[in-house]
Each structure stands twice: as C-alpha cells, then as structure tokens.
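Peer 1: Here the protein sequences line up with chains A and B, keeping their order. If you're matching positions, the first sequence starts at 0 in numbering that gives the first Met the number 0 and goes up one per residue. If you're matching positions, the second sequence starts at 0 in numbering that gives the first Met the number 0 and goes up one per residue.
Calculated from the structure, these hints are not laboratory results. Hints are supplied without guarantee of correctness; some may be wrong.
To be verified - Restricting the straight-line Cα-Cα distance to at most 30 Å, the calculated cross-link-like pairs of lysine-lysine (DSSO-like) are:
| hint | chain 1 | residue 1 | chain 2 | residue 2 |
| --- | --- | --- | --- | --- |
| 1 | A | 185 | A | 149 |
| 2 | A | 149 | B | 516 |
| 3 | B | 54 | A | 217 |
| 4 | B | 111 | A | 149 |
| 5 | B | 389 | A | 149 |
| 6 | B | 548 | B | 438 |
| 7 | A | 217 | B | 516 |
As the list claims (entries may be wrong) - With beta-carbon atoms standing in for the labels, derived distance ranges:
| hint | chain 1 | residue 1 | chain 2 | residue 2 | range |
| --- | --- | --- | --- | --- | --- |
| 8 | A | 112 | B | 321 | 44 to 50 Å |
| 9 | A | 188 | B | 285 | 42 to 48 Å |
| 10 | B | 316 | A | 160 | 31 to 37 Å |
| 11 | B | 319 | A | 157 | 49 to 55 Å |
| 12 | A | 69 | B | 292 | 55 to 61 Å |
| 13 | B | 109 | A | 202 | 42 to 48 Å |
| 14 | A | 47 | B | 237 | 36 to 42 Å |
| 15 | B | 416 | A | 69 | 55 to 61 Å |
| 16 | A | 61 | B | 280 | 37 to 43 Å |
| 17 | A | 188 | B | 319 | 53 to 59 Å |
| 18 | B | 317 | A | 61 | 24 to 30 Å |
| 19 | A | 148 | B | 322 | 36 to 42 Å |
We put the beta carbon where it would ideally sit given N, CA and C, even for glycine.
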Amino acid sequence: MSPRQSLAFFSVSLLLLSSCSRRSATPSASVPHATAFGSAIVLVSGERQVDSLGATLSQPLVVQVNEAQGNAVTGALVEFRGPVDIVFTPDALLTDSSGQAATNVTLGPTTGRYRLTAATRGSKGELLELKVVEVGLGYQQNLGRVLSDKHCVRCHDSESTAQRVSNFDNLTPPPHNFSDGVTYNKISDADLMNIIGRGGPALGRSAQMPPYGSTLSKAEIQAMVAYIRAVSDPPYRGQ
Amino acid sequence: MCHRGQGPATTTQEAHQSTKAWEQPLLPARYLEASCGQCHFVDLPGTPQLNLGRKLLATYGCVRCHQIKQADGTVVQPTDDPPDLRRIAEKTTRQWLYAWLKNPQAYAASAKMPNYLLSDAEALDIASFLMAQSAASASASASPGAADAAALQKGTSLYGESFCASCHAMQNAAGLLVGGDLGPELTRIGSKLKREWLERWLENPHAYDPDTAMPRYRFTSQQVALLTDLLMSKTDSDLLAGASSDPATPEQISRGKTLAQKYGCAACHEINGMDKPEKFAPDLSRMGSKMLSDIAFPPGMDRSLPAYLRGKILQPRRMGPSSKMPQYPLATQQADALTSALLALTDRAASLPEAMHISAHMPSSYEPAGQAGQLMKELRCQSCHAINGKGGDMAPDLSWEGSMVQRPWFDGFMRNPNTLRPALIRRMPKFNLTEAEIKLLGDYMFTAYQKPGFEAGGPRGINSPEIVAEGRNLFYVKYACQSCHIADYKQDKGYIGPPLAEVGSRLTPGWIYSWLKAPQSLQPGTLEPDRHMSDDDARALTAFLVSLKRQGVEKGPK
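Just chain B, with the same shape it has in the complex (with noise of 0.2 Å):
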C-alpha cells in the first residue's frame, strides 16, 4: 500500500532494485511522502515535500492548465493572482513585454512567470497582440523620471516607512533579495511601468485591478510623487536593449493572437476577446497512476513514472517537439516536491473508502461587514492576518483581537504601527489613516472579534506589590522567560518572542492569563510552549506581566 510494488520476489535486491519493468514499481526513497498523500489531504508535520509540492501546484499556477481533483473529491485551487491584461497598455510598453517573454527571470529573478522559449519574433507578436487587444492605450513611453539625489533619499525613507518591503523585494547592491513575496519583485521596475500608470496606482490601486493584494495606501499626492520618482529611477538599461521600437504591424498582431492561442496565455491571463480555455492541458488526477506504456520516454531517461515527471517538470520542452509547457524556474528540491505531489495521485487513493480520507476543512469565505468592513477590504488587511479561517499568514491572526489587545493601544498602533517587532523585515505598513477611520475600526474590531465567553478582565487580586514581586521571581527564575522575550531592555535580550516591556498596556489581563495557562489554545501552532502552569504560578506571571507598562502618556507616535 504504502511503498508500492507488487508481485512476488524472492530476493530482496529484486524486490527493491529491479523492478523497474514494473508497471508500479516500488516508490523510490526520496518520493516516500507521496504515499501519505493517498489518504492525507492536509499537510502533516512529517511530510515537508508533500507539502511543499502540493502547494507549489497551487502557487505556480499548474491547475489553472491542468485540472487536479484530489481522491476526496476536492480541486485543487490556483493561489497565484496573474495579471489581468486587458488594459496592459495602459500599465506597460511593448518593448518591457517583448524582453519579459523572452525571460520574465531576466527582468526578476524571483518572477513565477515560466518561460516559454519563444523565438525573437514570436516574442514581439505576443507583445504587440497584448499591446493591441488592450482598451485604451496611453501614448506615454517608460521614460524613467529625472529626479534630483534627495527626492530619491526622501523616497527611500518613504518606501522603508510604509513597509513596502513587507510585501516587494528589491535586489540589493550584494544582488541579495531583500523583502517578502507577497507582491512582484521592484529591482527593474522602472524600466517597466508608465509613470502616469504608477501614480494613479500608488493613489489607488483598486481602480486598475479590483482583485490585487495591495491595500490602499493613504498617500497624499506630495508622496506618490516622491515614491513614483524612487520607483521609476529603477532601471536596467540592459533590459529593453534588444527590443524593437518599430510601430506593430497588422500581420505581427494577427499572428501574435495565434500565438497566444497556442500557448494558452488565456489560462492565467485576462485576454480582450480570449476566452479561458478549457481542458487546455492533460488532467493529472490520476498521474500517479500513469502507465508507464502511455508514456513517451525521451531518449535517456529512467523508464520510471518519478523519473518522468520530474524530468518533465524540470525541462519539459525535452519531452518532445509538440509539448507546449513551459519551462519554470524551479530548483531541483521544488521540481521533487512536485514529482512527490503528482505521484500521491493515484488510482489506488479514489478506490479506497471515504473513512479513509483525511481531508481539508472547508475554506472559510468569511468578510467583514458593514462600513467598516469596507474600509478594511480597502487596507486588504486579510492579504496579510486571517481573520475568521481567511486570510494570509504573514500577520497575527484577528479573530479575537477585541479580547487580545486594549483599545488605547489599538487606537496608538493604528497611527503609527512602528513598535512591536523592530527586527522583523516584514512589518505592518503605515496607512496614514484618519482618527476618524481609526475610530470606525477599532469599535468594529472591539465588538465583532472577540473571543466567546472571555473575561478581559483577568483573575482578581493582581495589583498588590507582593503579587507582583513573586511574579518577578517566577518570570526570571523558574521560568527563565527573558530566555525569549525582553521585560526590560536593560537587562534581557532574548528576541525570540515579542518584547514585553509594555505589555501591560498591551494585551489585556485577561488575554495574558489565559495564554500562560494554554497558548495554543488562542494560537494554535505559536512557538511558546505551554508550561502547563499551576492557576497561581499564572496569576502570579500576569500580575507581573499587568505591571509592565508603556512610560508616559499614550499619545501617538513616540
């Protein structure tokens, strides 16, 4: 069941060596995972490269050609977001796209894009069909703006103020990646955008694309200035230097929609005039069951279903000159993840009984409402805290932020979101918003996330000095907390967790008391172990914990 192979062997080398002529010979060690894949439908803990390569399914792109529905009956669905491109002319030139076509990696080294190998002219026919099929077309060309060394410095302070590196990479000087992965990669990008395309999208970018992850920012219009100008002065010369800047001829289009056909650059991509296609690539529900004499080897490979797959997913134009895929920038430990992820897919799983799958929760599709929630639908704040079961995962959640924090320091973190974790590259971005939009925030928050049945208030009897001191001893001593976390920047250094040295005009008592008692129970998966902690060993702690509060008066930033 689990390892695969079949029939009888009488030595153990044949057994696990020779079974190759086998239609389902034994897995190989290092596809071991896919086996757990057949019954488990969520990630397990002991099986990284499943989990990694089922998620690599979704974020690739790979089901939005090849349909995967899973033995449970589950699709697997794209988490990727591709551009939409029916107003490309507006946001681009042709000579950006014909050099991205060519090699959308040689634009950003991090780009999911994946390479289609095109010729130079089939390069440029894509590129000046996109140019054609979109609605309006701003005659502007990416001309990189002359802004003078101190607009740049203001610029740069600007873009490290509103954490735009939570989300956007950028290379730098070491040809480091520096910043998240949420948004595409900033290092060439003024060599792509129009400058009137950047300002209208920093101002709102909602209006260009409904579905981004971007959050609108409440820049006033000196500030676009000053980021645009920063963003446009990030240029490759080297990038557009082969593409031609002749006008697009009728044939070149014509011929550039045929094309695009032909690849399917509709399966990710909003196209003027192209429908989605349908089953545009084989469905792969079953290929870990694939036989091997439905499979054409190329000349030189393992005859071996994993052999093919991850030689197929490696360099899938060698399977032949008719395959279509791509070619993606995946590491050999990714294309492996992948080949592990396709071989749990097999007819064995759909043929066992239901009880015996494992499956996924429902994804939850909750939305906050009302007024509020509008506002918080346009700070896109689920692209980063899942709140109710939706949302990212690179901020805390908010289910229950109304019963975690206290509103003084809601209100003072939303004005100015500067202090909680200073190490972190990836922190909360400063929308600049109005106290009356803060207000409207947080009486929503207050009200709708709050945790059932909880008590804000804490335990009883957790002022005296006495209390307090034996909560000291507790945190330094049996504990060793600063071991993690700072109660006071004197002394402690530990950063693994956050910094306590005012938490008490953080979290509210009740919060700290119930999360010393049961951590994962208000998070489940955080770090901090559960001390399985006597009531009073935790009342003690929270006292402590209660005292350690902001210096000076609440107001705004320090």
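If we strip away everything but chain A, and leave its shape as in the complex, we get (with noise of 0.2 Å):
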C-alpha cells in the first residue's frame, strides 16, 4: 500500500466514524440575542446579484428592520436562511445603529435562482421575513455572460460604468435589458438563437442588432442564450 493509498484508507474510515455528528459545512457561532424587535423587515440593497458558482457576492446582501413607524431599529436579531449548500458571512447578527444588518453571500455550487430569507422576530415573537433572490450561473451561462460583457451590454446595459459608457440612449428602438424577462420570455430559444446569430431584421425586428453568427460559434450563441434566461426577471419557465 503505497503511503497514499494507506493514507485515503485511514480517511475513510475516519469519515465513517465522524459522519454521525457532522450537520452542517459551516458551525454557526453563537446566535447573539436581541435587544430589540421591530415590526417590519426591508431590503436595503444586495439583491438579484448575478455570479458564477461558488463565488461571494460582490456586494453584500444589507437589510433593515424598522418599528412601525418606519423608523429604524437598532439591536434587532436579523438571521439570514437559504439552501444548504449557500454560505453566510455572518449568517446572524443584530442590526446596527443604522438598524441595518449586512452580510457577505457566497454561493453554492447549483445551477440557477437562490432563493434566501432575511428573518426578524416581532416583539410578540412574530417571525417577519423578507424574501430574496441571488442567481448563479452555471458554466455554460457564465460563457454566456462572458461574451455579454464583450459584445452585449454596451447597447444593451442603459447603465454605464466607468470602464464603459452605455450607447443604449442612441438607440432607437431602444434595446431590451438581459433581465427583461417580460420581454425575452415570449421569445422562443430558436428564435432568440435567429436573432443573435441573423441579426435583429431576420425576425422583423430592427436593423441596429447586427447577425453575430459569422463571430461567435453557434455554441457561444447557445451560451448567451442559456445566459439571457438565468437572469430574466420574471424567471423563465421554458415555453
């Protein structure tokens, strides 16, 4: 047995032994106790954040909890919950003296929406939640999202950043954002495959989307594809 072989076979057993107590990847620390309750729970920001799998977030995920004034609360337990495989950083705390609390997502390795809760307890002990989405992109969208930021969403991003200026407000008709899902779940994989590949006037649609078939291989157009659905909004539910 070479020492590795006796090494893999010692694991083994030792996992045998240990699997009974193991529960979760991650030990929480201990949960702090509230010093406050509020009476509603709102997102600040960090939601619908798009990346590839098993990535962390680039921006954390910042809730609220307010009284019912509308004012914010400050020491509320806010405790965030998702799939098994998704991580926390922290995954309880209590809100600052902003009532806000934030903590940093880092993604599972599946394919597709993450839905996660932020939760707060009342002061009847009410649970308030607050629903949230993250979507994580398999290989093949994660192409597509690569070659997106190449050749896409400098028309079709209104939002410029400071590595590039949006040219979407010289278009007219204006073009749809990825995430438009009113718009690009009534067209048909084939015909999303025709207009990327043919250019916008082989389905009647405008001239100013040019045919990328002669660029990109028919697989990467498969990938922009599989991209465009993983992050419309409302979700795609196929035809």
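Put the two chains together into one complex; each comes in its own frame, and the hints tell you how they fit.
Peer 2: Structure follows, in structure tokens:
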C-alpha cells in the first residue's frame, strides 16, 4: 500500500466515524441575543446579483429592520437562511445603529436562482420575513455572461460604468436589458438564436441588432441564450 | 479528472460534501476553473477567474520569489517592473522610503508593492541601508516647489495635453483614481521625488532606467519646468510626518542589510552588493497536489488545500511567525483567482501526455530595426502598441499600419494625435516630434508594416455618385452602422466604434473593403461583428466610406 493509499484508507475510516455528528459545513457561531424588536424587515441592497457558482457576491446583502412608524431599530436579531449549500458570513447578527444588518453571500454549487430569506422576530414573537433572490451561473451561462460583457452590454445595458459608456440612449428603438423577462420570455430559444445569429431584421426587428453568426460559434450563441434565460426577471419557465 | 474527488462514495452527500478528510477532495465550485487549467495554458473565454489568476501571478511578481513551471514545460515569467534601487538616493529620500516601507498603500492606494508589516525600527533600518548602498547621493531634499497658481494651471494643461493619464493615475477630489495603470500612481508624487531627479527624468527617463516603459517625450526645458512644478505640488503632509530625519548610523545600515537579505528585497529589486536570491521561496509548480499532511494549518482554518491557499494569499503571516511572505493588497476576488491558478498546478496535469497540453504561442521577440527602430524604442511605441506579436494591448496593433492608414493622415496624427477617439481617457500622447522624425517613422512604417498581398487601392469603380448613394443607404438602413459609428456628427450618435466622419481621409479603400468583408481577419478579437457581407454590398459601403473625406486642407492641427 502506497502512503497515499493508506492515508486515503485511514481518511475513509475516519469519515465513517465522524459522519454521524457532522451536520453543516459551517458551524454557526453563537447566535447573539436580540435587544430590540421591529415590525418590518426591508431590503436595502444586494439582491438580484449574478455571479458564478461558488463565488462570494461582490456586494453584501443588506437589510433593515424598522418599527411601526418606519424608524430603524437597533439591536434586532436578523437571521439569514437559504439552501443548504449557501454560506452567509455571518448568518445571524444584530442590526447596527442605522438599523441595518449586512452579510456576505457565497453561492453554492448548483446553477439557478437562490431563494434566500432574511428573518427577524416582532415584539410578540411573530416571524417577519424578507425573500431575496440571487442568481448562480453554471459554466455555459457564465460563458454567456463573458460574451455578453464583451459584445452586448454596451448597447443592452442602459447603465454606464467607469470602464464603459453605455450606447443605449443613442438607439431607437431602445434595446432590451437582458433581465427584461417580460420581453425575452415570449421569445423561443430558436428565435433568440436566430436574432443573435442572423440579426434583428431576420425576425422583423431593428437592423441596429447586427448578426453575430459569423463572429460567434453556435455554442457561444447557445451560451448567450442560456445566460439571458438565467438572469431574466420574471424567471423564464420554458415554452 | 475535472472535479477531483476520489474513491467510491455511496451517497450523493458523501460524494459532494463530506470528503474533507480525503487527500484530494472534490474541488469547491468556486475553483472549478482550476481543472481547465490542467490542459489549457492559454486564456479561455469561459475561464475568466483562471485567466485573472494567472495574470496576477505574473503582474504581482509572485514568480520572482516562487518558481512556477507549468505542466507544458513553460516557466511563468513576471510581467511587473519593480524599480532598480541602485541609484535610489538620486530619486528620493530616506524619509519617503521609510513611509513607503511601513505602508506602500498609504502612499498610493494602487501600489502593488506588498506590506512587509515591518516595525518602525526595521523600516528605518532598511531605508537607511537602501540610501547607503545607492551609488550617487544628491544632498538636496524633496522640497515642494513654490510654483504660482498660473504656472500650476499651465502644468495641468500640459499634463492633460501630453496624455500622462493614459498610463498614470491620480486621485481626484472625490477620491477616485482617474487614469491608467501602466505607470505608477502620481497622487502624492511630490512627497516622494527630488526635484532635480524629476527634471532629469522628464527630459530623458532612459538615462536613469533603460528598461522603463515610459517614452522619452520631446519636452522643452520650459515644459519640463511646468510639469515638474505641477508634480512636485502633489504632496501629502501627513505621509512623512512620522519619519525620522536624524542621520543614519552604521548600525542601522548594517541591520538594514541583514533585513533586506531576510526579506529577499533583491528578488524583485536591483540592489548594489546584493545578488538575486536563488530559490528564495518554495517552488509552486505542483502546488495543486500538495499533500494536506505536509501543510501546517493554523487554528480555525478548514483543512482543505483551497482554504489554505486562499488564507495564505490573503493573510500570509497568519500561517505562523516564521512566514516571511508579505501582505499583498489583494481583494478577495483576486485571492480566489490566484487560488484557482495555483490549484491548476497538479501532478495529474504533469502526468498527462504532451498531446493533451494546449500551450500558448512562443512569445515574440520582435523589435523594430534601424534608425526608425531606435526612434520607436525611444518613444516606447511597444509599451502600448503590439507589433508583430510583441507589445502592449492599450492601443491598436500596428503590424499592418502601412496597409491600413493613408500617409497624409499618419503624418498629421503624429503632429497632433488628438482626433480619433475623443471620449477615451487613455489616448496617444503628443511627443513633439520634428518633421524629420515624422518622416523617418512614416517611411519605415509604410515600408515594413504592410499586410502581405494587400491591395491598398480597394475595389474598382467606387467613385460614382450612384454607388456612394447606394452605400449610404446600406450604411443607414440595411446595416444600421450608425448604431455604433458616427458618419455625420449632425445626426449620428453611436460611439462604440471609432467615428467615421473623416474615415475616407484616414483608412485606405483596400483596408475598408477587407475590414467590411472579415473584420476579425484584420484584427482578431475586434468587437465589429462579421456581417458576412456580399462583395457588392462591401463595395458600395466602401464607396460611401471613402467619400467621407476630411473637410479643409490637410495641414497640422485643426
């Protein structure tokens, strides 16, 4: 038996011994005690972020606890929950002096929408919940995002950043943001492939949308479609 | 192969989550791209994280201390440019060196120099040693110049006109960094430099550092004075507040030398009397297969290789008091990327047959030749432009410049490079070239940088008003080129591609035609979509674009 094999054997035995007591990958630190209670929990920022699987989202998820008049509550306990493989750092904390609680979210290994809950208790012990969605991209969707960042967002994203100025306002009719599910969910995969590959006029749409069929491969256009489906809001549910 | 993991598991959960005790557990999803890197040694579009990680290994100088020989036999080469310190006393003061060593990011937020977490005494010792080893030592101190407001205003204009911001960033009033990252940040430069050194540097940087990426501008002595006044006014009084101004003692210098050896300063910097240390830090060529039993995990760390790598990269000194690795200014996203790049370096990758390795091309060593080549080297064209596979990627590839542009446009652009992309911060600097120098450059480029078998004249019969009108129609209706380009400043607004309002005076008809037919064949990776255009459409569009001539006489600046 090589050292590595024997080590593996030893590890497996160890695993069998320890597997009964292991419950979660990240044991929660002791949960703090609430010193105040609110009557509503609202979102501040950090929802609907899109990133690759296993990534820690670039912006923290921030929520705020308010009392009945809408004033912020300091010291309310906020607990974050989600699918078993998602990690919150931290997963429970008290709201700060501005009534807010922020956590960093690390996505799990499965593709799709992550439905998260931020919860706090009201003064009568009732549960107050806030539902938040984040999106995890699989390999194909992530490839679509990379291609989109290079070829598409300059026109399809109306927001400018320091690195790129949006061309959105120069176009009539305006392009659709890829999260615009109301528009994209009505278009079949085949039609989307055609618009990207053959350009807008192929489906009676604007000639401002150029054809990418000679620039991108079929697999790359499929990745674009997968990406558009992944980020659409409302969610795409197939035809 | 791709996701690692090993041995038979009987439940999904065991296979996916409970394998921590195994030597090679399943790779966490966030480092999945590491697997691609076992065969692929070139950037892939689908592995942005791995690409970034590999780039960081080269740009943060990791490979100056650690050797990394990839499975395909290539050794990762550093691409950063840490300064030579053999004449450092000409350039700056011991006070500044002390402040810099204590916390490089306090001087420049964007600095790549890591923080060695030195005590005050250690930093003072090393600063003393570095000043003492320096060849020539000018006695003048870095006193900010007392330039008047009008001179500063002129200097600011010259800084803008010279496009210093293409390479150098400065913090603006809102604290945001504005400018490129090819050269060092200049926000607090006046607290660092000696005035005489800066004047000599602006006059000819290559006299001090023959390998710098900075071009030799043809500044007049008056312009040098204006820029010096401006830069020396960029001071931060807090920066040098804690630095001792007592003269250095021989003990300090001697202790400083010992410390400089301990921390391996010479692995990155040239220092008099100190050789580059060999095998200063562990070889990382097989880091992705490191046995967990060989790793001393600090308390509280997950017992896994990815957790160790990430932890070590983010907080090297956490691994124990014997660790000499400094603290790098890395974001967690960069640490994840580096972790991916290191996890790709496995025994398994090395054991794969050579046919499975997809390697990068051999790096090009092209350098322009002759008298014009000498001028191009002085201007450091290849700091920004690639030519025949070698050079920077900030500016367009010049390999076929002679086939692409028209000579009168080229000459005008060299005189006053102000026109092409007004919206960009990073633009071609104005070098103040003489007419003889412009002729020398032009003669060389229009001879050497030609695309083989290229017809600059383009297709025949593109001058009739009918075909121009047909091309105009294709431009605006069928292909909607105005979405991204401007042919007429009065009505078009697209600014993704370059403006085309004077393209007929800039590009050759042959280049326009070939570009329309297959843009990626002339410039791989260009954003211009390949429209798969018919010969007739391409001919008519060429006719229209060629008709868009520059108004007025071709002479000097507008």
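Peer 1: Evaluate each hint against the coordinates.
Peer 2: Evaluated hints:
1. A C-alpha spacing of about 25 Å is found between residue 185 of chain A and residue 149 of chain A, which places the hinted pair at or below 30 Å, so the restraint holds.
2. For the given pair, residue 149 of chain A sits about 21 Å from residue 516 of chain B by alpha-carbon distance, which is consistent with the 30 Å threshold.
3. Using a Cα cut-off of 30 Å, the hinted pair residue 54 of chain B and residue 217 of chain A holds, with the two alpha carbons roughly 29 Å apart.
4. About 27 Å separates the Cα atoms of residue 111 of chain B and residue 149 of chain A, which keeps this hinted pair within 30 Å; it holds.
5. With a CA separation close to 23 Å, the supplied pair residue 389 of chain B and residue 149 of chain A stays within the 30 Å bound.
6. Using a Cα cut-off of 30 Å, the hinted pair residue 548 of chain B and residue 438 of chain B holds, with the two alpha carbons roughly 23 Å apart.
7. A threshold of 30 Å between alpha carbons decides the hint, and for residue 217 of chain A with residue 516 of chain B the separation of about 20 Å falls inside it, so the pair holds.
8. In this structure the supplied range 44 to 50 Å holds for residue 112 of chain A paired with residue 321 of chain B, their Cβ-Cβ distance being about 46 Å.
9. With their beta carbons about 44 Å apart, residue 188 of chain A and residue 285 of chain B fall inside the hinted range of 42 to 48 Å.
10. A hinted range of 31 to 37 Å for the beta carbons of residue 316 of chain B and residue 160 of chain A is consistent with their spacing of about 35 Å.
11. Between residue 319 of chain B and residue 157 of chain A the CB atoms are about 51 Å apart, so this pair conforms to the stated range of 49 to 55 Å.
12. At about 57 Å, the CB distance of residue 69 of chain A to residue 292 of chain B agrees with the hint of 55 to 61 Å.
13. For residue 109 of chain B paired with residue 202 of chain A, a C-beta distance near 46 Å keeps the hint of 42 to 48 Å intact.
14. The hint said 36 to 42 Å for the Cβ distance between residue 47 of chain A and residue 237 of chain B, and at roughly 41 Å that hint holds.
15. Judged by the Cβ atoms, the range 55 to 61 Å given for residue 416 of chain B and residue 69 of chain A holds: they are separated by roughly 57 Å.
16. Between residue 61 of chain A and residue 280 of chain B, the C-beta spacing of about 40 Å keeps the proposed range 37 to 43 Å intact.
17. Distance hint for residue 188 of chain A and residue 319 of chain B: a CB-CB separation of about 54 Å, consistent with the stated range 53 to 59 Å.
18. For residue 317 of chain B and residue 61 of chain A, the Cβ-Cβ distance of about 28 Å falls inside the hinted range of 24 to 30 Å, so the restraint holds.
19. Between residue 148 of chain A and residue 322 of chain B, the C-beta spacing of about 37 Å keeps the proposed range 36 to 42 Å intact.
The structure agrees with every numbered hint stated previously.
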